Amino acid sequence: HLDLSKAVYHLGFINYVLKILRCVCVNCSRLLIDVNDVKYKASLDRAEQPQDRLFLLSTLCSTVTRCPSGATEDSIPTSETSPVHKGCGNYQPTYRRDGIKIRATYGSDKARGQGDIGTRKTRMSAEQVREIFARISDKDCLAMGLSPKWARPEWLITTVMPIPPPAVRPHVMMSSTQRNEDDLTLALAEIIKANKTLSTQIINGSPQNVINEFVDLLQHHTGTYISNTSPAFAPAENRSGRPLKTISERLKGKEGRVRGNLMGKRVDFSARTVITPDPNLNVDQVGVPRSIAANLTFPEYVTAFNRESLMALVRNSFENGPDAYPGAKTIIRDDGTKLDLRYISRETDLVLAPGYVVERHVRDGDVVVFNRQPSLHKMSMMGHKIKVMPYSTFRLNLSVTTPYNADFDGDEMNLHVPQSLGAKAEVMEIMMVPKNIVTPASNRPVMGIVQDTLLGTYLFTSRDTFMERDLVMNLLMWVPDWDGRIPTPAILKPKPLWTGKQLFSLIMPNVNLRTKSGTAPDKAEGPISPTDTKVLIEAGVHLSGRLCKKTVGNKANGLIHLVWIEHGPEAARSFLDAIQRVVNNWLCQHAFSVGIGDMVADDRTMANIHQLLKDAKVKVRELIHDAQQGKLVSKPGMTMRETFEAEVNSTLNIASGQGGTSAGLSLRADNRVKIMVDGGSKGSSINIGQMVACVGQQNVEGKRIPYGFVGRTLPHFHKDDYGPESRGFVTNSYLKGLTPQEFYFHAMGGREGLIDTAVKTAKTGYVQRRLVKAMESLMVQYDSTVRNAQGVVIQFLYGEDGMEATLLEHQFLDSAMMTNERLHAVYSINTSNEEMARYTTPQVWNELKESRALREELKDEFNTIAADRDMLRRVCVSTTDMGIMASGSVRIVLPVNLKRLIWNAQKIHSSPSSVSDLSPHDIITGVRSLLDDLVVCRGDDPITREAQANATMLFKAHVRATLASKRVLREYKLSSAAFEWLLGEIRTKFLTTIAHPGEMVGALAAQSIGEPATQMTLNTFHFAGVSAKNVTLGVPRLEELINVAKANRTPSNTVFLAEHIAFDQDAAKAVLHELQNTTLGHVTDRTEIWFDPDPLNTVVEEDRQFVTDYYGLEDMPEDEIMSPWLLRIVLSREELSKKSLKVKDVEAALNREFVSLHVITTPDTADPLVVRVRFQVDSSESGKEEAMRDNILLTNIQSTLLSIIRVKGFREFKKVFLTSQEIMIEDPETGTYDKRTENYLETEGVDLQRLLAHPAVDATRTTSNSVVEVIQV
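As numbered in full-length UniProt numbering, residues 1 to 1273 make up the sequence shown, in order.
Keep in mind that the hints are not guaranteed to be accurate.
[What the hints assert, rightly or not] Simulated restraints, written as ranges between beta carbons of each label pair:
no. : residue 1 : residue 2 : range
1   : E800      : V38       : 41 to 49 Å
2   : G753      : E255      : 55 to 63 Å
3   : A312      : T757      : 50 to 58 Å
4   : S1199     : T761      : 12 to 20 Å
No lab work stands behind these hints: they were computed from the structure.
Just so we're clear, the structure is a prediction, and the values are computed from it rather than from any experiment.
In this text, a Cβ means the ideal position worked out from N, Cα and C, and glycines have one as well.
The task is simple: from the sequences and hints, build the whole structure.
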């Protein structure tokens, strides 16, 4: 260590030093207030944390100007309190920090009775402060929240500098003689130098000001040693002028000690190389280069069972050198000694006994963790099994690239070998690829068939794919678990032919699926359609429909999802593998290639496209002409220029869109590009349109290409050319090629995309980091609550339903949208109607007719279902979602897909008779006992009971509606065995779906927001003509929400109106005018300033009559004298009537804002409508002179008057837009929904509090997009 010649402040503690100084007397070091005083005791007791006490005490003492001496009237000593607080009575300075110094300012001396000698500023040296602190008593230390044993206040001042050993600051040898010292060493050298100089100055008895300068130098060097980035002083630099990296920079930030070397560090037993594809590997395998396999090891314990095999590995390495594979690297004996096989010379050392550990090379089947950065979600690190292969790249199955977001254009990936059986077990049970096929973020698969295999599957399952015997035999060899039976050929004569669907059925597990293809233009009724778009798979047999991205891709409720849920992760893995093996091998025989010919449309189509673009250009020319003539009508909330741009943009976009559509439709069914788009393997209809028809409008920042030169985009165009070509509309297709100017605009549009991506990555990465840091400790506990590391309950049940997200599915609730009539038809059993007798056994039917108790039970069942329907309508039906009305059912996420289980039950227990042997009583009791078993939360206290009810309410309603007795008997015709099986399955699957304790749901939630945010576009621009109101979307909006931003970019309220107004457009418009901020400027036609010295006898010809009439009725104001200058405002009658205002309202607004104005107005019937405004001045001489200069003031003030004076509306609402939407209105009598058009308002600017109090506003539905405002209200 180094003893400093003078004490200095410690940069890290200076703010605390300041706070303590403010609490104690500069003279006697006692506290400035009595902590036992009633005035302070209560608030000090509330501060539980010691540092809160110090901050509070410092605030309380800041008002005390004098150290209290002796007893005051307030603090009379009692036996309970301490003796009275006795101080020295000295005046106290105020303290201020100045860089790394502290200055004390003594107030005026008037108070001391010494005459006024002004304020006095002095410098508080660290020595003085240390003396003051040393005198503080232990009791006062405790009162300030300091521990006298561990944190005496004088210890906050540095007197001794600790010097770390060289290991902390190693030097670097540049050559044999020259060495470079570490930054810390350089900083310490400066401190020692400064200290020595200071010591010399003190010994030599230099004057105080010289010593102070050297103390400041020492202070500077000790400060920069602690932190070299503090704004308190200039940074220390090395010889070359680079700022030094001192202690604080070593610890802080991403590259610092904590984040860079402790929380995350580089690891051993890892490998990294380029990845390349290999469709013949399993999804959960990874091809590892032999060179890597011979370098990475796994520690395996020697047992009696594996001793021989390990001995063989050890011997191989001993005999054939360290590069021999498979081999081993080290033997670790049970006493911990390591034998490196590279350096063993005697064979006698190669002894393996049980309990030894052999570090053997990794081999096929070993489990490793594979990772691609950036690791945005948990599927970016998954467990794979090794497959050792030749060459130098990692080989990867194509289906697994999606979750890693990997491609093979040079991406590199990392591989980690777990080094213990515990780690290996965790990887196998939690991280393996098959277990992560379905993502919890959106409960859908993240892996599916991609690229050529997807295209192959689409072609393979087409109607006209037939295969001859030899090809079928070859393909059967690729079916993984083929049972040796060849299916019957679909066509027997003239020669046997098999279809692709038949072979596909061989690799399919036993599942049932009915869906449509991704491209389903067919409107055909029935199960089969002309272009084979209706997919039907029953009991694992593919009956109809072509499989495309929607069915075998990573889509919810597709085949992969189905197999994973019904048959488990391993089945889904082998299904993915089998599809790739069979289809890829068939594709090698079938062939598929895209050529230039696939992009050439026929002449008729090209002529049509040409005509569409020609018409669009003509229309744009007309728009330009209208805009120049001023004939264009502005859209609500837009200027003329914005309206013009919106119209042009929409005209051009419609034209290129129609061109693309007609191009797409003109291509034949066997067009290769079209096949790729329809199969979903690559491309979209937009790509077809751009290749064949026209590339379309290029945008920069959501607008057409702006003028870069004066009045033009490029020198190739005339000035002020607003036409399509000049502003970036590309008429050519990619096939024809672009002209130079089109190419330039295209590059401008493309460049924006690149910049956008780069910026977005950084922004979303930061958002995700903050989300993870905020939530990383949240975990599902064993009592099913979600808590953080401090034990604070975040949710009583994970996600309010306690379910594991991966096992939930979208299901349709049919009963929610049923009318009362339909509800009766589906659910109510009427014993007087013999129709139901067809679906029950005679015995059950008789029981139904005779048993009154059973009829009551059925009535109760129906009433419960009806009540459920009403509850679902309240909870799940959005009245604005017209899709619900069209589909007739509500889609919601629930566990256990009942429809599919019923289908499975019918398939497994297919009863020969069509009549069920169940009785309604059995069904009702069975369902009731099932519902009683569906427990998510066990316990009997009110909170648990409520949590349980909330968690299962929707699912129970769904079960009751789906397994109602009439439906089971009439629709499903389930036998008693099938029904029992079904109830058992529902029970098991439900309990399996409950979230596991230990699941780190916080990190999961953060990843589920962060990862999709990366896919968002940074700036989503409103394509012109979509909406008058501008809204912030995409990443900027996400940032706003995550940061809880005080100022939104586009703050807005959505104002729903009271029922009697919402459906009446005129009434809604009236409310709009009441809310919208209307200033004087909005209703003013023109303003004039006149010199009009005689108020009674005006010089303005138009106003003479009205002024005379006005003063004939009103008295002339006496005591004030009016300015000779007149501001004459002519109002617009049209605007006033539009906003239903009167002239008197304008007068009132002016008088409200200004006191010294004299305002007179014409009656509402007059023409023109005039408001005359004068200043009132006092009658003194100076006042009159001032009044002569009022014209200058009036000129300056008139524009301000127009914009500031609010005549009507809420100041915050700059604009209010009237919009409408279709909503569903329920008729309680019949239970039907009717469509009605509801008007509502959108505002620019927010004022939720005043809105909610407005009588015309529906306060239950009105919303705001500003989080901060919602919290405040």
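E800 and V38, beta-carbon distance inside 41 to 49 Å?
-> holds (48 Å)
Beta-carbon spacing of A312 to T757 - inside the hinted bounds 50 to 58 Å or not = At 53 Å between Cβs, range holds.
Can you let me know if the beta-carbon spacing of G753 and E255 is within 55 to 63 Å?
-> The hinted range 55 to 63 Å is violated for G753 and E255, with Cβ atoms some 31 Å apart.
May I ask you to test the hint 12 to 20 Å on the CB atoms belonging to S1199 and T761?
-> Distance hint for S1199, T761 is violated at roughly 46 Å.
Consistency with the previously given hints fails for numbers 2 and 4, ordered from lowest to highest.
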